[in-house]
Amino acid sequence: MSNNVMSEIRKDYLYHLVMNDERADGRSFDQHREISVETGVIDKADGSARVRLGKTQVLVGVKIQPGEPYSDSPDRGVIITNAELVPLASPNFEPGPPNEHGIELARVVDRGVRESRSIDLDALCITPGKKVWIVFIDIHILDDCGNIMDASSLGAIAALMTAKVPAEQYGLGEDWFLPVRDVPVATTVVEFGGVLMSDPDTDEETAADTKLTVITTADGSVCGMQKRGPGSLSMDHIYRIVDISCEMAKEIRDKFLDV
Amino acid sequence: MDEKLSFFKDGIRLDGRRPGELRPVTIEAGVLERADGSCYIEMGGNKVIAAVYGPREVHPRHLQKVTRAIVRYRYNMASFSVEERKRPGPDRRSHEVSKVSREALEPVILTHYFPRSVIDVFVEVLQADAGTRTAGINAASVALADAGVPMKCLVSSCAAGKVDGQVILDPMKDEDNFGEGDMPLAVTPYGEVTLLQADGGFTVEETREAMEIARKGCEQIYEIQKKALIDRYSQLEDPEERGSGV
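These protein sequence lines are chains A and B, in that order. Note that the numbering used here gives residue 69 to position 69 of the first sequence, counting from 1, and the numbers run on in steps of one. Note that the numbering used here gives residue 120 to position 120 of the second sequence, counting from 1, and the numbers run on in steps of one.
To be clear, the hints were calculated from the coordinates, so they are not data collected in a lab. The beta-carbon is built from N, C-alpha and C at its ideal position, and this holds for glycine as well. Possibly wrong hints are sitting among the right ones.
Said to hold, decoys possible - Cut-off 16 Å, straight-line C-alpha distance, at most; resulting in silico cross-link-like pairs (EDC-like, lysine to aspartate or glutamate):
# : chain 1 : residue 1 : chain 2 : residue 2
1 : A       : Lys250    : A       : Asp182
2 : A       : Lys63     : A       : Asp175
3 : B       : Lys47     : B       : Glu28
4 : B       : Lys99     : A       : Glu100
5 : A       : Lys164    : A       : Asp201
6 : A       : Lys55     : A       : Asp201
7 : B       : Lys99     : A       : Asp209
8 : B       : Lys86     : A       : Asp72
9 : A       : Lys130    : A       : Asp72
Unchecked claim - Stretches of chain B that chain A covers, calculated by requiring three or more beta carbons in the stretch to come under 8 Å of a beta carbon on chain A:
#  : region
10 : 15 to 23
11 : 97 to 107
12 : 185 to 196
To be verified - Per the computed footprint, the stretches of chain A lying under chain B, defined by three or more beta-carbons under 8 Å from a beta-carbon of chain B, are:
#  : region
13 : 103 to 117
14 : 217 to 229
15 : 240 to 248
If we strip away everything but chain A, and leave its shape as in the complex, we get:
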């Protein structure tokens, strides 16, 4: 993530490329890397997805278990999102409790799922006030080659869309598919050298000061945003990023999350 070390020469090189309307891997500025989404990759999980975004690889597992509801929503299910930036995924990740990057990642992914009202939490009530289904979304980063945010978010929704509530296992009737009503997609754009670039790779992410992640729903509205990094963005750039994001999210949704 942003604590990558990068030589000034490399940064200079990227800058010069941008000035010539180019990117290091030959993509256009609004083009994302190749995406693949595989679902049902972990049998033990109730839903799972492995996402490849260029060389970035993320595995998301969904586990659904009965548990206690929150006291302020006694008849609604619970979503808990967690991200593990395990040290096998990057030389910058260290073992130990999640740092602020991991927490932010999990919370932004969670925001997409929650704020889009994608999961019908009312349908996850077993006994009001006593027992509800708890949906655990666990994000495991396997290879961080940039933009793990978009990959994780895509993995989360793909895993949820294929997840089954394991009711039988708990003597609560037959298994049923988790009701997913909306398909939030997160897209990240960085500003570098005055240019807006979609889906940054590791170098681009390191070189750019500022990123904006926009999460949009199927009807093209914004259900979450997060500016990240120690820089600033102009209002005009933000408006453009929102437009770019809507478009790209639609493409990704149609291509990879069509059921």
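Fit chain B to the known structure of chain A by using the hints.
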């Protein structure tokens, strides 16, 4: 979901405000003795105090950067600041708020003047009433200036929200909890956005509208921040006397 209660009565909000109106804001700079800079802010029912220490030596040492100062920001909520007692200490939310708030201030702090040092910003939320992160950023920005930390400019922050399908400025607790969206924003006086988050549901058009209305709110807060600093330093007639402590 099934909103029977309306958030508006004759176009006026539950607390008597118009859609584009801020809650009352008061800011006072230099409220703490030991800190290098400090600030107390009230934004509606929010009561937040910020302190700045530094630039000072970095501990642990391995965190230091050879070319610039690092900035640390700790957002902390008092356990009594909310309706139901909050467990003391940082939770996941406060980690995220700390990160985005730090990133809201870093663009204006001239950190390269102080290599190998740290600027610590501590923000304590004493009472929360929706919009604590924006109140914290406003206070921290003034506290940094109060500490004499070189900055390009101040940063001002407030949120926009959406209730009953309408975009509003500076949502209060009920509007935040039961509304359809929340969008905290921080900007410099030059209109550079340094913090932007959103949750809820905004159409693309509403997103722009919310950002515009929040920016207007920030402009008003900027004036209050400036005034707080002027008030503080225009009263300092004799710095010698202040330091002697007899």
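Each hint, compared with the structure:
1. A/Lys250 to A/Asp182: Measuring from Cα to Cα gives roughly 12 Å; hence the hint holds.
2. A/Lys63 to A/Asp175: Measuring from Cα to Cα gives roughly 13 Å; hence the hint holds.
3. B/Lys47 to B/Glu28: Holds, at roughly 12 Å.
4. B/Lys99 to A/Glu100: holds (7 Å)
5. A/Lys164 to A/Asp201: With a Cα-Cα distance of about 33 Å, the restraint between A/Lys164 and A/Asp201 is violated, given a limit of 16 Å.
6. A/Lys55 to A/Asp201: Status holds; Cα separation ~9 Å.
7. B/Lys99 to A/Asp209: holds (14 Å)
8. B/Lys86 to A/Asp72: holds (14 Å)
9. A/Lys130 to A/Asp72: Roughly 12 Å separates the two Cα atoms, so the pair holds.
10. 15 to 23: violated (count 0)
11. 97 to 107: This one holds; 7 residues, not fewer than the three required, reach chain A with a Cβ under 8 Å.
12. 185 to 196: It holds: at least three residues are needed, and the region 185 to 196 of chain B offers 7 whose Cβ sits within less than 8 Å of chain A.
13. 103 to 117: holds (count 8)
14. 217 to 229: Per the Cβ count (11), the hint holds.
15. 240 to 248: It holds: at least three residues are needed, and the region 240 to 248 of chain A offers 3 whose Cβ sits within less than 8 Å of chain B.
When the structure is compared with the earlier hints, violations turn up for hints 5 and 10 and for no others.
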